[in-house]
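Undergrad: We have chain A already, so just place chains B, C and D on it with the hints.
Number of protein chains: 4
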Amino acid sequence: MSAQIEFVFRETVRIYDTDAQGIAHYASYYRFFTNAIEKLMTEKLGINYPISDNFWFVIVESHAVYKKPLKLGDEIDVVLSPKVLSKKVIRFDISIIRKGEKTTEGYVIQASIDPKTWKAIELPDDILNKIISL
Amino acid sequence: MSAQIEFVFRETVRIYDTDAQGIAHYASYYRFFTNAIEKLMTEKLGINYPISDNFWFVIVESHAVYKKPLKLGDEIDVVLSPKVLSKKVIRFDISIIRKGEKTTEGYVIQASIDPKTWKAIELPDDILNKIISL
Amino acid sequence: MSAQIEFVFRETVRIYDTDAQGIAHYASYYRFFTNAIEKLMTEKLGINYPISDNFWFVIVESHAVYKKPLKLGDEIDVVLSPKVLSKKVIRFDISIIRKGEKTTEGYVIQASIDPKTWKAIELPDDILNKIISL
Amino acid sequence: MSAQIEFVFRETVRIYDTDAQGIAHYASYYRFFTNAIEKLMTEKLGINYPISDNFWFVIVESHAVYKKPLKLGDEIDVVLSPKVLSKKVIRFDISIIRKGEKTTEGYVIQASIDPKTWKAIELPDDILNKIISL
Chain A
1 MSAQIEFVFR ETVRIYDTDA QGIAHYASYY RFFTNAIEKL MTEKLGINYP ISDNFWFVIV
61 ESHAVYKKPL KLGDEIDVVL SPKVLSKKVI RFDISIIRKG EKTTEGYVIQ ASIDPKTWKA
121 IELPDDILNK IISL
Chain B
1 MSAQIEFVFR ETVRIYDTDA QGIAHYASYY RFFTNAIEKL MTEKLGINYP ISDNFWFVIV
61 ESHAVYKKPL KLGDEIDVVL SPKVLSKKVI RFDISIIRKG EKTTEGYVIQ ASIDPKTWKA
121 IELPDDILNK IISL
Chain C
1 MSAQIEFVFR ETVRIYDTDA QGIAHYASYY RFFTNAIEKL MTEKLGINYP ISDNFWFVIV
61 ESHAVYKKPL KLGDEIDVVL SPKVLSKKVI RFDISIIRKG EKTTEGYVIQ ASIDPKTWKA
121 IELPDDILNK IISL
Chain D
1 MSAQIEFVFR ETVRIYDTDA QGIAHYASYY RFFTNAIEKL MTEKLGINYP ISDNFWFVIV
61 ESHAVYKKPL KLGDEIDVVL SPKVLSKKVI RFDISIIRKG EKTTEGYVIQ ASIDPKTWKA
121 IELPDDILNK IISL
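For the record, the sequence lines run as chains A, B, C and D.
The letter at position 50 of the first sequence is residue 50 when you use the working numbering, and the numbering goes up by one with no holes.
The letter at position 51 of the second sequence is residue 51 when you use the working numbering, and the numbering goes up by one with no holes.
The letter at position 131 of the third sequence is residue 131 when you use the working numbering, and the numbering goes up by one with no holes.
The letter at position 86 of the fourth sequence is residue 86 when you use the working numbering, and the numbering goes up by one with no holes.
Among the hints, erroneous ones may be present.
No copy labels: a pair is met if it fits in one copy or bridges any two.
[Unchecked claim] Lysine to aspartate or glutamate pairs mimicking EDC-like chemistry, simulated, CA-CA at most 20 Å apart:
id: 1; residue 1: Lys-99; residue 2: Glu-6
id: 2; residue 1: Lys-71; residue 2: Asp-114
id: 3; residue 1: Lys-116; residue 2: Asp-53
id: 4; residue 1: Lys-44; residue 2: Glu-11
id: 5; residue 1: Lys-39; residue 2: Glu-11
id: 6; residue 1: Lys-88; residue 2: Asp-77
id: 7; residue 1: Lys-119; residue 2: Asp-93
id: 8; residue 1: Lys-130; residue 2: Glu-61
id: 9; residue 1: Lys-68; residue 2: Glu-122
id: 10; residue 1: Lys-44; residue 2: Asp-74
id: 11; residue 1: Lys-71; residue 2: Glu-43
Just so you know, these hints were derived from the structure itself, not from any lab.
So here's chain A without its partners, still in its complex pose (with noise of 0.2 Å):
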């Protein structure tokens, strides 16, 4: 899978993402990612996401880089870039766009897991081969 594939969701922020200072909490940002990851999964792949009958996806490490406040009413493009990092393992490279201009940088890495035993397992190739064949 090429590190430039990307895909774009829009988003708007809501009042329940703001806070005191006028502008979103530095926490809702990851609802914004978690939206985009979920769509991606869902709507571009077909895959239950968080949540298969065999397997489970388990975020093991977030970050954001707040350059620029969001404010309320705000139409933001989130955009992904997925990369597959072994069989267990894929990273979301995430960036929210504004008017043209980039205002948050982060990403998200995610496990897949065995439900039952909570240990790390290898997506299924039909599953892997979805993300990679993005």
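TA: Relative to chain A, chains B, C and D alone:
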């Protein structure tokens, strides 16, 4: 159980409870309500809440009237008055008091269910007696 | 404005809406309610919501009855029926429908205020007419 | 300020912190981080946080590594180690400890800004000294 019995739990309005209007977002109050109910059930009654081994508590109704806005850093008292409506249903009347003034009134009604069938079930007598004896 | 007028907004139950009972947390439903009201006000009426230049909308009451639990990935229709109670107060009756079945009923009541005095004020006629003409 | 200085705040994982995987949702950890920072700043230092009269604290970077999942009802210690990176920037290294085991590691970096210009500004000496003297 007398309607006069009340339990009081202190909370602080945190930055993530607020929104761009500079006040606590209306849905955040349910966080204060939930905290108070969880503390009553776990700390005062020793009941795993809302997930116990053989029964779960699920919320079937919620209500709040916002008389005065709460702000960042406000120290509030969440006053909880539980009422056993039946062996399956408990109602918690809730007030929020800030510096002697009632700012918020509401209630949460919960039913006990069997998590295997997701049907309402009567609480075990020992649990029910704990609640009634409050 | 006729009580029969309804607006429908599609939502998806996301992982962060759910809790350890495997269902949408009861306070998450107010996120669905808020989204629908914000979309009605901004997209259909062109009103900056809930923060406009000369007036703000603040929530004064919220209510929800949970008939059937919602689960991760559920596609739901949030059905909104606004009612002008006075020049200062609007009530939104709300239902959530999943695959033709009503799962949730509730309402949100909001007042318009002057953000400088934090007192209730009448909405400007042009705004009020927009809402009444829905 | 020595890197060894640590402040510990006790938290409980609440039902609304969890998701349908039965564990704390990854963004909920930032609630634990925020609580600890707010308590340090307000209770230990007497600083209005994150909104003071002449300066605000805004988050410019956040990071978390999830080693072990947290579950409903877990009693956790949030261990906070503040570092003054400059007169404008403070970093909080954070660990979560459950029953002696480190489950989570992360950090939050904040800048002080002038809320009128939204530009980074140096903290007043008395505030800075309070933090350095921790």
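Undergrad: Against each hint, give a clear statement of whether it holds in the structure.
TA: Evaluated hints:
no.: 1; hint: Lys-99 with Glu-6; verdict: within (17 Å within a copy, 33 Å between copies)
no.: 2; hint: Lys-71 with Asp-114; verdict: between (39 Å within a copy, 17 Å between copies)
no.: 3; hint: Lys-116 with Asp-53; verdict: both (11 Å within a copy, 18 Å between copies)
no.: 4; hint: Lys-44 with Glu-11; verdict: both (17 Å within a copy, 17 Å between copies)
no.: 5; hint: Lys-39 with Glu-11; verdict: both (11 Å within a copy, 12 Å between copies)
no.: 6; hint: Lys-88 with Asp-77; verdict: neither (28 Å within a copy, 30 Å between copies)
no.: 7; hint: Lys-119 with Asp-93; verdict: neither (24 Å within a copy, 28 Å between copies)
no.: 8; hint: Lys-130 with Glu-61; verdict: neither (23 Å within a copy, 32 Å between copies)
no.: 9; hint: Lys-68 with Glu-122; verdict: between (38 Å within a copy, 19 Å between copies)
no.: 10; hint: Lys-44 with Asp-74; verdict: between (25 Å within a copy, 17 Å between copies)
no.: 11; hint: Lys-71 with Glu-43; verdict: between (27 Å within a copy, 17 Å between copies)
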